[in-house]
Structures are given as structure tokens and as C-alpha cells.
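Add chain Y to chain G, keeping to what the hints say.
Each chain, written out:
Number of protein chains: 2
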Amino acid sequence: MSIATVRAGSNIAFIKYWGVADETLNIPLSNSISMTLADAHTTTTVAWDETGALQTDIFVLDGVAQSPARSQRLTRHLDILRGLAGVMWRAWVTSRNNFPTASGIASSASGFAALTVAGCAALGLEMDPTRLSALARRSSGSASRSLFGGFVEWEKGSSDADSVAVPLYGPEHWDLRDLVAVVSGEEKKLSSAGGHLLAKSSPLLNGRITHVGGWLEEVRGAIAGRDIHRLGPVIELDALAMHSVMMTSSPSLLYWQPGTLEILQAVRRWRQGDGLAVYFTIDAGPNVHLICAAESAPEVETRLSALRSVERVIISRPGPGPQLLDEHLI
Amino acid sequence: MSIATVRAGSNIAFIKYWGVADETLNIPLSNSISMTLADAHTTTTVAWDETGALQTDIFVLDGVAQSPARSQRLTRHLDILRGLAGVMWRAWVTSRNNFPTASGIASSASGFAALTVAGCAALGLEMDPTRLSALARRSSGSASRSLFGGFVEWEKGSSDADSVAVPLYGPEHWDLRDLVAVVSGEEKKLSSAGGHLLAKSSPLLNGRITHVGGWLEEVRGAIAGRDIHRLGPVIELDALAMHSVMMTSSPSLLYWQPGTLEILQAVRRWRQGDGLAVYFTIDAGPNVHLICAAESAPEVETRLSALRSVERVIISRPGPGPQLLDEHLI
Chain G
0 MSIATVRAGS NIAFIKYWGV ADETLNIPLS NSISMTLADA HTTTTVAWDE TGALQTDIFV
60 LDGVAQSPAR SQRLTRHLDI LRGLAGVMWR AWVTSRNNFP TASGIASSAS GFAALTVAGC
120 AALGLEMDPT RLSALARRSS GSASRSLFGG FVEWEKGSSD ADSVAVPLYG PEHWDLRDLV
180 AVVSGEEKKL SSAGGHLLAK SSPLLNGRIT HVGGWLEEVR GAIAGRDIHR LGPVIELDAL
240 AMHSVMMTSS PSLLYWQPGT LEILQAVRRW RQGDGLAVYF TIDAGPNVHL ICAAESAPEV
300 ETRLSALRSV ERVIISRPGP GPQLLDEHLI
Chain Y
0 MSIATVRAGS NIAFIKYWGV ADETLNIPLS NSISMTLADA HTTTTVAWDE TGALQTDIFV
60 LDGVAQSPAR SQRLTRHLDI LRGLAGVMWR AWVTSRNNFP TASGIASSAS GFAALTVAGC
120 AALGLEMDPT RLSALARRSS GSASRSLFGG FVEWEKGSSD ADSVAVPLYG PEHWDLRDLV
180 AVVSGEEKKL SSAGGHLLAK SSPLLNGRIT HVGGWLEEVR GAIAGRDIHR LGPVIELDAL
240 AMHSVMMTSS PSLLYWQPGT LEILQAVRRW RQGDGLAVYF TIDAGPNVHL ICAAESAPEV
300 ETRLSALRSV ERVIISRPGP GPQLLDEHLI
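In order, the protein sequences belong to chains G and Y.
Reminder that position 286 of the first sequence reads as 285 in numbering that gives the first Met the number 0, one-by-one numbering, no gaps.
Reminder that position 123 of the second sequence reads as 122 in numbering that gives the first Met the number 0, one-by-one numbering, no gaps.
Quick caveat, the hints were computed from the structure, so don't treat them as lab data.
Source: prediction; values computed, not measured.
Every residue, glycine too, gets a C-beta built ideally from N, C-alpha and C.
Don't take every hint at face value.
[To be verified] Using 30 Å as the maximum straight-line C-alpha spacing, the simulated DSSO-like pairs for lysine-lysine come out as follows:
(1) Y:K199 x Y:K155
(2) G:K155 x G:K199
(3) G:K199 x Y:K199
(4) Y:K155 x G:K199
(5) Y:K199 x G:K155
[To be verified] A short, non-exhaustive set of chain G residues, derived as facing chain Y with CB atoms under 8 Å:
(6) R207
(7) E235
(8) Q256
(9) L260
[Said to hold, decoys possible] Negatives, chain Y to chain G, calculated, CB over 10 Å:
(10) P67
(11) D78
(12) T301
So that you can see chain G by itself, here it is in the shape it has in the complex (with noise of 0.2 Å):
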């Protein structure tokens, strides 16, 4: 049987990867910490076309057929896995997100997740998660990261062996809440695939990477605690700190919104002035995750749906790693 479908989370990274040290292998500038997302995930099947039939790679995502251009990124990676398994076959792929595109959840991460576990099962290639991570990371540096469930970690490494993720933690461990505040329904005009490129260019560079080892360490320390008033003010230093990057590079990059102010300004009124313990964290993107206790996680709801530039909001808890379903897309 060559067809395999996986269903794989994104991920949330509370420290995040920003910047190459290489860009054939995306092997980053420093480790990174996410969490795994149970409720925003994409499910994906491969089929691989053993008659030859196929002259390119088929891709389907939210069922709508994709161009060549569009397409581009699946085949590159699909033609790692092809050189894994010594095969010429094209495939035939599915994919469907349980979440809007551009709503500041990393489709990237779930996605290429997904391909990767379910293009190898479909080919027969037995691979650990370690070695899937690599293999994901290869196509989209954050889906290394969402080959595990729960708390992970990925190690820049210098090599394409070594920078992989591992585990910290399991879903089970702290129950966290993850609220995506979506702003605007507009796609980002450049792909982070190209901002990391630029990461470089920013005179900010070097004080992030500089201190990024003393922030995941708080992280490391903050999650084994179960300490939300120890993650939260790291998580937002480090994403201040990533978009500082951002909008310091050349040309420079200014994913922010005016909704996305609105809501930095609410969580920091509603902490400071009312005890709420919810911190935020901003991908590269206009909309804006809001990390609490499950506990709090109702009125941080209640709250952040009342602001005017706050078109929807999608919880999540953190989640399993990738799972190989029975049913098939195709």
C-alpha cells in the first residue's frame, strides 16, 4: 500500500526561530521552544503513484487544486523522499487544515509535519521521530518542532543529523491555552520563508541571538514549574524582540497591525490593571496569541472578543504529535 494520512498539529513557539545560519538545510541561528497544538492542525495524505501515470505531483489543499507555483515547496521536499526511497513516483497529496490560512497559525509547521510522516509511511520508510524531524525541518524549520507532542525543543545543531527537536514535555504536563486573537484576514505579503533570509540585515540581530540562551532557559525552567508569571514576560520579550528583528532588517518588515496593538495594549491593561495572568506572543504575522492557565482561559475569551479589531478567536490546548489515521483524504 502506498498510501498513508497523518494528521499533525502546529505548533505555538514560546521562543522563536527567526533567522538561518543555513539556508539549503535551514539550520537556525538558535534553539526555539513551542508548543504543540491539539485543536489547530492539518491532516494530509499521501498517495504515491507506482504506475508512473502521474507526470508531476498533485497537490489539493482545502480542496482547492494548487498551481505548479504553488506547488513548488510540497515537490522540493517530496524530492528529499523520493531520494530516501530511490523512487521516481509522483504523488498525489490532500491536505486539509481544521483552521483558516493567515490566521496567524503556522500551517507551514502542521502541514509540512503531516507531508513528511505520511509521505514516508505511504513509501515504507521506517523512520523515529528524530530522524522525521529532520527531515521536516528540511522543508519548513518550525514543522521540526511539531514531529512531538506536548513541550518541545529544537536544537540548532550544525548539521542536518544534529538540528532536530526533542521533547521536554508531554501535552499532559501543563495545561496551557492558547488563544489566537485573528485580526485581519489578509495574507501576509511575504512568507516567513523569505524573512529569514533577511533576519541578517537587522544591527538588532546579534542582541537577540546574544541572549536567546538565557531566555530559553526561563522557558525551560518556567514550563518544568508550571510557572505561567515566569513564561509569559520571557515569551514576550522574545517575540518584541523577534519583530524588533523584523522591522530593522532590509527592507524592512512591519507585520503589525492597528489591531495588533489594540490587543498588546489590552493584555497589558488587563495584567497590570486586573490581575489577569495572560501573556502574549506574535508569529510573523498581524494577529496575536494570547498563552494563559486553562483556568483563565473563559474570560481571556470573553474579554478579547469584545475588542473591535478581534474578527474571531481559536483556542487550543497543547497536543499530540503526529497520528497516523485509518481514513483517507483521496
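Same frame as chain G, now just chain Y:
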């Protein structure tokens, strides 16, 4: 006669002053460059009470008598002048800004420049503008630059005597416009004087300070050649770098509001989409200064006024240094 009235223009920094090397003397971590403003100024009358009847300094700002707490910075500055003149006299000080408080125009720059010049003149202290610049610096760093008209550089120096502003070009050199888009009337929670002390807590400070030398050179060259397209990118970069330092200091200073981002995104759209030669800079607050050549100002003003979050627009030309007036406010 122990009374004098002086009008001094505020200034808008193209390369910012943020962070102090010596907090008592207000010696900055880097040079800064600004344009003195013709149309945003403070007029201040200082009358020294030679009779000894006054027990404290009296400070009336925009028609309102200020509390002792709000007069403290003024009194500390007058103490320096009293020391120089060898007198114990208290002063009546009446001051009026022709622009609203918390409008994004630095009232401490024009205010302390006018106070310094008027206070010294009324005491009969004869000092050249360089010496007055050093004196003004003691109360408010950016006030040192308002001692000269036109385009001005504050050389950081290393002592009270040599940390002074120097004129680069007079106001007639380049007919630029500063359009201040006021997005919020709220007073900021932290004065910039307090923020300067926090700069060193930012992991990104060193990156800005390391690179600012090249940016200063670029700005000097752009002013010399009256080249808005050379000036613009570097003033945007430095403003974003300064706010990066602010956001990542401990505690984090997030001066921006939703309206700030509406304007930043609009400026880039107008420039990249429509070829309008306008660039932004931002001081320690939510309002945005748009810099353009005189001929572009009407179009920029029309567009700016149409933005939802812009409450008002204040426009200024390059202006002269402090001027002694014949009529007094008292």
C-alpha cells in the same frame, strides 16, 4: 532689569537620543541629529525676584499654575542658573506652548531651551549658544539641540563642556516639512526622562549604538545633498530601532497605539504604491511625524487627515534658534 522672554522652537530628531552614559549630566550614549521647528515653539518669561519675597519658584504653564511636584524639574534647572550667578533669588516663570501638550512634539526641548536662554538673559549672564546648549542639556537632553536653528547635531562628548549641539545648516538650507499626526491625546505614563534610564536593560541597545555612527553619517550626507530618498530610509530605521530598544527594556515600554500602526502602514503604502516621497519617524509616544519636502506636504496632509485614527495634523517648517522678545508674558 531681571526679566526676559525667549521663544524657542521644538525639534524633531532624525537620529534619536535614547539612553544616557551619565545620568546626572545627561551625557548621551550617541550623537543625535534634529531639525529645529519654526511652527512648534515655547515662549517663556523668567522674572527673578530680587526682593526675596518669593519663597519658591512659581511656574505657570499654558495659563495653569503648576504644583510643586510638577515644578520640580524647573526648580532644579533654575538652581543651576542661580549657582552660576551666585544668587538665591526665586523666579516667576510663565510659559506658553503654541502646540498641545502630549501632541508628539517635544515640549521639554523647546521649553527648557527657552527657559535656559530667558533665565540666563534675565540674570545678565553672558553666554554663547554653545555654553547655553550645555546648560539646556542638563535639564532635557533634546533641549540642547533647540539652541540652534535649522539642522543640528548634538555631539555626545564626554563632559559637561563638550556634550553640546553644533549647527550643521541653517533653516533656509532645505525646505522640509514635519507633519505630526496626532493619534491620541492621552498623556504617556512614563516621561522619556525616566525611559532613558531603562535603555541599558534592553538586549537590543548595543546593536543600535554600534550602528548609529553609520546612520549619523548617512543623515549628514542626506541633509548636505537635500536628498529625501537618502534621508528617509535611515530615519525610519533609527526610529524603529529606538522603539525596539524601548519595547524590549525591562519594564517594556510600548508607546505605540493602534493609530500608530495605521499611519506607519499607510506611509509605506503611499510611498511604495503611489511613489509619494514621505517617510516617518516616531518619538517617545504614539504620534507619528511624517517628513517630506515642502512640495509634497499638501498631498501628505490631505491623505493623513483622511485616516481614521488621525485626530489632527500639525505642520512645521525648519525654524530659527531661540529669539529674545521685547514683550513679556508676565
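The hints, checked one at a time:
A C-alpha spacing of about 17 Å is found between Y:K199 and Y:K155, which places the hinted pair at or below 30 Å, so the restraint holds. Taken as a hint, the G:K155 and G:K199 pair is honoured in the structure, with Cα atoms around 17 Å apart against an allowance of 30 Å. For the hint linking G:K199 to Y:K199, the alpha-carbon distance of about 23 Å falls within 30 Å, and the restraint holds. This hinted pair checks out: Y:K155 and G:K199 have alpha carbons roughly 29 Å apart, not beyond 30 Å.
At most 30 Å may separate the alpha-carbon atoms for a hinted pair to count; Y:K199 and G:K155 meet this at roughly 29 Å. Hint status for G:R207 relative to chain Y: holds, with the closest Cβ pair at about 7 Å, below 8 Å. Nearest Cβ of chain Y to the Cβ of G:E235: about 7 Å, under the 8 Å cut. The hint holds. Here the hint on G:Q256 is kept, as its CB sits about 6 Å from the closest CB of chain Y, short of 8 Å.
The beta carbon of G:L260 is positioned within 8 Å of a beta carbon in chain Y (closest approach about 5 Å), and the interface hint is therefore held. Listed as outside the interface, Y:P67 is consistent with that label: its C-beta sits roughly 28 Å from the nearest C-beta of chain G, beyond the 10 Å cut-off. Separation of Y:D78 from chain G is adequate, the least Cβ-Cβ distance of about 35 Å exceeding the 10 Å criterion. Every CB of chain G lies more than 10 Å from the CB of Y:T301, the least distance being 20 Å, so the non-interface label holds.
In this structure, every one of the numbered hints holds.
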